[in-house]
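A.B. asks: Sequence:
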Amino acid sequence: MDRFATLAAFVKVAELRGFAPAARRLGLSPSAVTRLVAALEEHLGVRLLQRTTRLVTPTDEGERYLLQARRILAELDEADASLQATRAEPSGRFTVSAPLVFGRLHVGPLFSAYLSRYPAVHGELILSDRMINLIDEGVDAAVRIGHLADSSLRSRRIGETRRVVVASPDYLARSGAPGDPADIRTHRCIHFSGFAPGSDWEFEQNGAKARVTIDASFVTNSADTAIQHAISSGGLTMVLAYQAANAICSGALRIVLAEYERPPLPIQIVYPTSRLLSAKVRAFIDMAVTDTDWSFTTLG
Numbered sequence: 016m017d018r019f020a021t022l023a024a025f026v027k028v029a030e031l032r033g034f035a036p037a038a039r040r041l042g043l044s045p046s047a048v049t050r051l052v053a054a055l056e057e058h059l060g061v062r063l064l065q066r067t068t069r070l071v072t073p074t075d076e077g078e079r080y081l082l083q084a085r086r087i088l089a090e091l092d093e094a095d096a097s098l099q100a101t102r103a104e105p106s107g108r109f110t111v112s113a114p115l116v117f118g119r120l121h122v123g124p125l126f127s128a129y130l131s132r133y134p135a136v137h138g139e140l141i142l143s144d145r146m147i148n149l150i151d152e153g154v155d156a157a158v159r160i161g162h163l164a165d166s167s168l169r170s171r172r173i174g175e176t177r178r179v180v181v182a183s184p185d186y187l188a189r190s191g192a193p194g195d196p197a198d199i200r201t202h203r204c205i206h207f208s209g210f211a212p213g214s215d216w217e218f219e220q221n222g223a224k225a226r227v228t229i230d231a232s233f234v235t236n237s238a239d240t241a242i243q244h245a246i247s248s249g250g251l252t253m254v255l256a257y258q259a260a261n262a263i264c265s266g267a268l269r270i271v272l273a274e275y276e277r278p279p280l281p282i283q284i285v286y287p288t289s290r291l292l293s294a295k296v297r298a299f300i301d302m303a304v305t306d307t308d309w310s311f312t313t314l315g
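Read in order, the letters of the sequence shown correspond to residues 16 to 315 in our numbering.
What you were told as hints is all true, and nothing was included just to trick you.
Quick list of in silico lysine to aspartate or glutamate cross-link-like pairs, EDC-like style, CA-CA up to 20 Å:
1) 224 <-> 195
2) 224 <-> 276
3) 224 <-> 274
Beta-carbon label-pair distances, calculated as ranges:
4) 44 <-> 162: 52 to 62 Å
5) 261 <-> 134: 23 to 33 Å
6) 135 <-> 194: 49 to 59 Å
7) 131 <-> 201: 44 to 54 Å
8) 219 <-> 146: 17 to 27 Å
9) 146 <-> 18: 40 to 50 Å
10) 30 <-> 107: 29 to 39 Å
11) 135 <-> 237: 34 to 44 Å
12) 20 <-> 306: 39 to 49 Å
It is worth saying that the hints were derived from the structure and are not from the lab. Just so it is clear, CB atoms sit at the ideal spot from N, CA and C, and this is done for glycine as well.
I would like the entire structure built from these sequences, with the hints used as guidance.
C.D. replies: Structure (structure tokens):
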């Protein structure tokens, strides 16, 4: 007995409320569809369909089984399409979104290499710190930093980044390094409002969380500007590690309060669950995995 053929026959009969219309849709004879459904009922030992002279309807057991049968057939179709996508050459329009700074520093170079490798793709990269609705705005995939609140998205984790407090060596030599989060109140602070809209900086140690309200001497919605002011000895600033990675690695900035950092945030490529993983998205994810190092947890 072909289990998938029997499932397909049962689902189509249940949906169309008849053997004849199901047979026409499946391209089989009514007697063949009848035999397939009968074989499934015999295998299960349960009557799935209630037959009358005018209508065929699922029984209570049939209604419950119909939900599972639909899911199984949908997963089979998706598996087939996904495998076919892996064999297809990426082509057509491909739109990706990413946060502004991370996109400029990391996604842009990856996307450029991707388009060079797959010249049949016409790409668009949208850089914005605004949370874009992928389906409404026609975006195929997005690079996002942080935990996902939207359950309608699928994701592939590519890396992770820390939240760091940094300052220049000159500033720390003059003002001293804070020993714990409470010491921040005695320091000049540069607040990157795009990272934390309010005036609080959050910390954690051994599961205990702490929140410090800062009196910022400078507020900006630009991470680059906050980092540059910190390099110029303007004070402490809290940013994501990838944003200050170059300055940290060159010694222009030093990380402080590392033992009070909150857990790292994931860096993920996300795409809608309503869409199959196309050849374009799959190839982009594969390149991100093999050609990039987006782990920013060992700086400083």
